[in-house]
Amino acid sequence: MKAKISLILPIISVLVLLLLMPLVLKNYHLNILTEIIIFALYAVSYNLLLGYAGLLSFGHAMFFGLAAFVTGIAIIHLKGIGMITAIFLGVFSAFLAGVVIGSLLLRHKGSYFALLTLAFNALFYAVATKWHSVTGGDDGLNVPRPELNVIFAKIPVETVPQFYYFTLIVLGIVILFVWFFTRTAMGKTVLLMRENEERMKFIGYSTNLSRLILFIFTGTLAGLAGAFYTLHFRFVSISAISVEMTTVVLLMTFVGGTRTFWGPILGVFVYIILQNYLSDITDRWPLFMGLIFVFMVLFIPGGLSGFIMDMKERVAKKREVALEGNQL
Amino acid sequence: MSEFLVFFLHGLAYAGLLFLVSAGLTLVFGMMNVLNFAHAAMYMLGAYFSYTLMLHTQGQLWLSIIVCPIALFIIGALIERFLLRRVHAYGHVSELLLTFGLAYIITELVKWYWGNYPLALNIGGFLGETIQFLGLSYPVYRIFVFACGALVAIILAVILQKTRLGIIIRAAVNDNEMVDALGVNVPLVFMGVFAFGAALSGFAGVIAGPLLSTYPGMANDILVDAFVVIVVGGFGSLAGAVIASLIIGELQSFGALLFPKLSIALVYLLMVVVLILKPSGLFGEEQ
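So the protein sequences, as listed, match chains F and A. When the letters of the first sequence are read in order and numbered with the working numbering, they come out as residues 1 to 328. When the letters of the second sequence are read in order and numbered with the working numbering, they come out as residues 1 to 287.
Simulated from the structure, these hints should not be mistaken for lab results. Because the structure is a prediction, the values reported are computed rather than measured. Hints may be right or wrong, so weigh each one.
[Said to hold, decoys possible] In silico EDC-like cross-links for lysine to aspartate or glutamate, where the CA-CA straight-line distance does not exceed 20 angstroms:
#1 A:K111 with F:E244
#2 A:K261 with F:E320
#3 F:K130 with A:D221
Please put together the full structure from these sequences, using the hints given.
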């Protein structure tokens, strides 16, 4: 029981803190925070593949971007569409893409998987670029924010704090749900599959099926993040579905650390704050991000969260040693 | 008919380039199981080095062809020795992430130093002319690019099939632990192949500059195509890389002629089809 409280207490305090943020922050910073929450879900979904299943994907942006586009296009072309329907259409398209692509990639792992996801992402990008009449190509699409109706009640989401709360509540719940998922039997299966797949097969699990389900699940989550991305910026362009959008989430996740559930969220926070800060002082901030990234691959492969965990362990060990010394 | 021939020749030229880039990629992948994202960055560096060199030497392409691959051979060797080997123990994902990070940094450095816009080069002398045959005039340079690819393919085939080094490399693609156990210095062979791949890629960059112009996106543009080549041809197979380069070069070329809207997508569609019908690629061995 004690262990549970020590887990839940930080979560609740962070949530309370986030709920109070609109009282403290100006709209400019609140916008950044909304963006952080959206990318947090995107990174969490990515880390389910990279950190939990050990699958390096270079195509996560196809789900993110597909849902972003479908949501935007639905809002533009379907008159009077509600926000929930628009989000649902976006997420459902990502789900379908996950089913189709996942079944094709089922057998592949490691570098093959990385390469094939990259190629699929490139295919999506190529289609989005060429299909100018629908996607707006390089110019992108301006997407008005539709009304949010929940059981006859109209909830306002026009102002920055309103949309912030909407994002925080919906995506916050989803992220918590994903966290619980990683602690269920299915979540554990994925972890074990990474550790020893042969053995899992031997026990009688269908590892291919588990991998397919995970792939679809993470794609759908990325789709949800993509739908919110369009709604947040009221704009979507081919950059949402580009390979860069995948590499961004890879950087965020890796900087935060893939070994913990919360690491990628930390990574998103650091990345976006750093991006806002560094891009003010230098145009070369991607270069610095790249250098930080390579430095971490070489020296801190556990990322920031892994680094923090290591430090904690060291401190705990020192304390133990000190205690033992006292007892003697 | 003459239009058909022109597009066929265009396809051959691009196939030549594509082969030069994918040859190193597929060998490194076959041996070290490392998908080298920085490989196309070497191609881009080759093009930019050559641009600067030719600017200062009034367009001496031959000088670039000799100097740039040597420079990239050294860069490749350094990357393998001091960076890639260090993360080898962490597994393939780390290796892949490292090469990805390097590609990212190189692209940013290139944008910084040379600017984020295309640089055009004109080729003088015989290579800059057009020749007349079968009633059409065609730029010599494109034929030259294809000839370079074909020549390298032949040389590589001879090295791989006829020399002791080639036997070691082919054996290491199959089972590098066994080769190591037989007393070959496998890490040295890895370094050599990696550096040689970088040099080939740099060579491709040198001859690509005047053909496609030199710009910071050129690495990503060819990288995805080269990946498709090694998927379609089969991982680690040089013969596969030759055939797949030709297929994809022609597909790009005729795609642009016949279905201008679909031309980019065609290449990926081909990959998906191969993936469904023969996941190991045309010349790949079953896993």
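Hint by hint, here is what the structure shows:
no., hint, verdict
1, A:K111 with F:E244, "holds (16 angstroms)"
2, A:K261 with F:E320, "violated (67 angstroms)"
3, F:K130 with A:D221, "holds (16 angstroms)"
Hint 2 alone, counting from the list given before, is not met by this structure.
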